[in-house]
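**Student:** Using the sequences plus the hints, can you model the full thing?
First to last, the protein sequences are chains A and B.
Just so you know, we're using my numbering here: the first sequence kicks off at 1 and counts up by one.
Just so you know, we're using my numbering here: the second sequence kicks off at 1001 and counts up by one.
Hints are not guaranteed to be accurate.
Simulated pairs of lysine-lysine, DSS-like, Cα-Cα distance not exceeding 30 Å [what the hints assert, rightly or not]:
#1 B:1160 / A:192
#2 B:1138 / A:9
#3 A:9 / B:1013
From the derived model, a few chain A residues whose C-beta atoms are all more than 10 Å from chain B [said to hold, decoys possible]:
#4 12
#5 119
#6 122
Since the hints were derived computationally from the structure, they do not count as laboratory data.
Cβ atoms here follow ideal geometry from the backbone N, Cα and C, with glycine treated the same way.
Take a look at the letters that make up each chain.
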Amino acid sequence: MVFVNYLEKSLEFKIIYYGPGLSGKTTNLDYIYSKLPEATRGPFTTIPTQSERTLFFDFMPMGLGKINDYDVKLSLYTVPGQVFYSASRKLILKGVDGVIFVADSQSDRLDANIESIRDLKENLLDYKIDFANLAYILQLNKRDLATALPVPVLIKELQQKGEPVIDAVASQGVGVFKTLKMTVKFVLQKVKSLKGE
Amino acid sequence: MDQILLLYENDYKSIKTVLNELKEACRARLIFMADQSGQVISSVGEITNLDLPTLTSLTAGAFAANLRVGEILGGEKFITLTSEGGMASLQLSLVRDRFILGVVFDTRTTLGLIRLKMTKAVKQLEEIFDGIIDKIEKEKQTFGGMESPFPEITEEDIDKLFGDL
Ligand SMILES: Nc1nc2c(ncn2[C@@H]2O[C@H](COP(=O)(O)OP(=O)(O)OP(=O)(O)O)[C@@H](O)[C@H]2O)c(=O)[nH]1
Ligand SMILES: [Mg+2]
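**Tutor:** If you want it as structure tokens, here you go:
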């Protein structure tokens, strides 16, 4: 939910990293956290299982600069990718303004990516969030691995609606901010018009 | 936009007033309003040394999970949630299906009093939020879109937002 407070002059919204288990969602957030100056980042909260997989969600508030005198603030979340946590994933999607789909480029994860996109769309539908109108970016992660499928193959299999596709190696920070910036841009473009539908 | 909340000065002040009155009436430490997605809407009280967005994102998650558990058990909706601890306790309540009112309190007061006073505050807040939502819906219909505080957002604005990152 985009939240505009006229008195305190702030604009806030929620961005979620979605994708199959181990695709690198938490790694994206870790990297962002490590690069932000302390003044603009909130604490990084993670609710992991004992084996460091995400159990409920990761969360980080982040302050950006100003637009038209309004402070822009983001809430960044990751969902738990493991199939088992489907119910939690859905809860976190509530009120989302932008989704970054973190795909795992490895060939043996192709089916998991496809299944996770299907799961995303189904959950959005339940919340009556219009996927066609949602700020949505596809990140192809783990480009450094020899087992990564070629980009055109992944685009053909995973791209849903002509969304921007960004190559990434999240563990080295490659493509991480590029992805986030693009998503923020998309959300802001929607705020610009504030149309009902 | 699928969902947007525009909070004008007057509504924001009315919310603050309700929260302040509630805080006095039940001797709470901290009172907050959040959206069900976890975004902070307003707060009053002791928030030093406390990261409010993290608190609300976690409580919203716990609250949403609690609601689902209620559904799975097939009973009525769990519209309140109590977490009691020695130093601080927390009472949450749903407001008009879309917002959460949270009260952080300690041994200076009792859960009974908190629950009683919250019921009244929830009603007042529901009226305020109904007004806000009405206003947003009307504007959407009348103009086919609302007056945005950000009519011009350029690529440069967005680049500047991120500075050197
Ligand atoms: N080689 C390589 N490894 C990566 C990359 N990004 C993440 N990883 C590794 O992949 C593993 C899983 O990353 P996480 O970020 O924890 O995955 P996740 O998507 O949060 O997983 P869940 O929480 O289970 O949904 C970790 O060991 C990361 O270091 C990448 O770009 N290249
Ligand atoms: Mg994770």
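**Student:** Compare the structure with each hint and give your call.
**Tutor:** Cross-check of the supplied hints:
Restraint check for residue 1160 (chain B) and residue 192 (chain A): satisfied, since their Cα atoms lie roughly 17 Å apart, inside the 30 Å limit. The straight-line distance between the Cα atoms of residue 1138 (chain B) and residue 9 (chain A) is roughly 23 Å, inside the 30 Å bound, and the hint therefore holds. Using a Cα cut-off of 30 Å, the hinted pair residue 9 (chain A) and residue 1013 (chain B) holds, with the two alpha carbons roughly 14 Å apart. Distance to chain B contradicts residue 12 (chain A) as a non-interface residue, since its nearest Cβ pair spans about 6 Å, not more than 10 Å.
A cut-off of 10 Å between C-beta atoms confirms that residue 119 (chain A) is not in contact with chain B; the least separation is 16 Å. The claim that residue 122 (chain A) is not at the interface with chain B holds, since no C-beta of that chain comes within 10 Å of its own (minimum 16 Å).
When each numbered hint is compared with the structure, a violation occurs for hint 4 only.
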